[in-house]
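K.L.:
Sequence:
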Amino acid sequence: MHPDELKSVTKKINKAYQLNANAGAPAMVVAIATVLGLKSGLETKAAIIGALISSVFINPAPSKIAAATLKHAFAAEDPETRLQRLLKAPRIMEVRNLLVLLVMVTIYVSALVLYFGKSLDAIFWSVVVNILLTEVMWINVRISIENILRPYTLKEFHRIESPNIKGQGLLWTRQQWFLPYAFGLFIVCTAVVMLIIIQKSAARLLPTLLEDVGKLPADQIGGYLTQSMSALGGQVALPLTVVGVYMLASASVSAWRLARHQVEGARSVQESIEALVSGNPKLPAWVSTDEIGDLAQATSKAFARLRALSLALKESAQSLGSSAQELGMSTTKQTEVLSRQAAALQETQVTAQEIKETSTLAFQKAETILKDTERVDQISRSGEAAIELSLSGLESIRQVVVEMAQRIKELDGRTRQIGNITTTVKDLADQSNMLALNAAIEAVRSGEHGKGFAVVAREIRMLADQSIKATRGVRDILQDISSAIRTTVEITERGSAKIDGSLKQVREFGDNIRQLSGIVRENASSVRQISAAVAQQNAGISQIFQAVNELSGMMDQTMQWLRSSEEAMVVVQGVVTRVTGFVGEYNWEADQISSNAAGKPGPQTPAS
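Each residue of the sequence shown is one higher than the one before, starting from 1 at the first, in the UniProt record's numbering.
Because the hints were derived from the structure by calculation, they are not lab data. These numbers were taken from a predicted model, which means no experiment stands behind them. There's no promise every hint is true.
[Claimed, not checked] Below, simulated DSSO-like cross-link-like pairs (lysine-lysine); rule was C-alpha separation at most 27 Å, straight line:
1) Lys88 / Lys12
2) Lys64 / Lys118
3) Lys71 / Lys88
4) Lys166 / Lys88
5) Lys7 / Lys64
6) Lys7 / Lys88
7) Lys15 / Lys64
8) Lys166 / Lys71
9) Lys426 / Lys409
10) Lys64 / Lys11
11) Lys71 / Lys12
12) Lys166 / Lys301
13) Lys71 / Lys15
14) Lys426 / Lys469
15) Lys88 / Lys15
16) Lys11 / Lys88
17) Lys88 / Lys301
18) Lys71 / Lys11
19) Lys88 / Lys64
20) Lys498 / Lys409
21) Lys12 / Lys64
Please model the complete structure; the sequences and the hints are all you need to start from.
P.N.:
Here it is in structure tokens:
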């Protein structure tokens, strides 16, 4: 609670206390003065001055006690604890003020007793009288404090969704024991205070009365006793009158305020129930520790349950309405979809027939392809065998070519040997020519004797020339042969290389043929599987025809159900409209209920 607000509330509580205390002060002072036996004007003045001095110390106590109690109450974190502390606050203030008053009255009376030399038992009886009168006064003070704190207790009470405030003990006031207690308190207080006043007055008169009775003759005792009783009546008349008037007024006011307290609580609950009946619900503007408070709590719980039920019903109705609307839209869409599906089913039936014809044709084609594939497989196997034979023939040709190249190379070597021999013959012919020339020269020198030798030398030269010519011709022929051999070798080597390339190509072709043969065999297997799949497809298409017919029947049933659903949606929409309107009549809104319950904005309750 804000300090300024706490100060204001404390001031109101103190004002209520002081008002009731001032109303009861004359009765308390007179009663105490009578109990103490203060007779002279000095004693009475001293008693009044002492009472005023004591009130100076007692008066600040209610404010401080109220401030401390309220600070403790508002220091709680949760609303339920704060509410319990606020409801106990009036009784706590009462007990604490009684303790303070007990101490101060004891001190005040003790001072008077000691100062004026009175009997010490007067202290006890004075305190008893003061406590009883103060308890009577606190009945009204407590009701005033409850009224002052009611806006704050209501604020905390309405913060609790489902209140369950319970307490026990003397701090938790219940009408079942407080009303008998208040009634008994008035009776006991009146009787005890008056008896104490009479007893104390009689006790002070009794010694003088006995002494005087002993001195008087017997015929005068009756008149003296009558006179003494009249004097006693005159002494106690004022105290008894003041106390009696105060008790009567206090009892009347307390009874009226207690009755009004009950009436206000009952009226608050009644107004809450009537507001519910009229369709403008509001929580009871009442909270207390008594049975009316229990009734207000029960009413608040019932309101909370009804509000939760109504809001849940409204939310469910709205959800149901939304669902019904969505279901209606969904039904419309489903109808459109089913119509399209029906058309699609017809198209599916036609398509399935076409697929069946296509699958039959595909099956026939697959059988034809399977036969062609088997024939291609046979051809590929024959091709593989022919390739193997070609490889063998080419390999034989390659070997012959290699061998022929080897023979030609050997022939080239022989040709070179012949060329060497021819060169040797040419050299011999050249030498023979030189020898013949030398012989001719020697024959000329010999003259007649050398003529025969000259003829021989000439013939030898001729033979040598012929040999040289012959060797030249042979050498030219050998060169032509050697050139032809080299050309043949080159051709043979190129042929061998081409044969090797052809062998490689034939081998690759053979590999390709074998791969092609494998593919053909795999294709044959695939074609067989395709044939089986097409056969299964034909069976599946027959099942599709049957399923399409069943779907057509199911669609007819579904369309009937959808039409029934549309009729049900219309009924549901009507129910939702009625339920929403019924709940809307009660205005179950949290802020509206709270404001109606409070009647006006509640006080602020910030943390202290």
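K.L.:
If you test the structure against every hint from before, which numbers come out violated?
P.N.:
2
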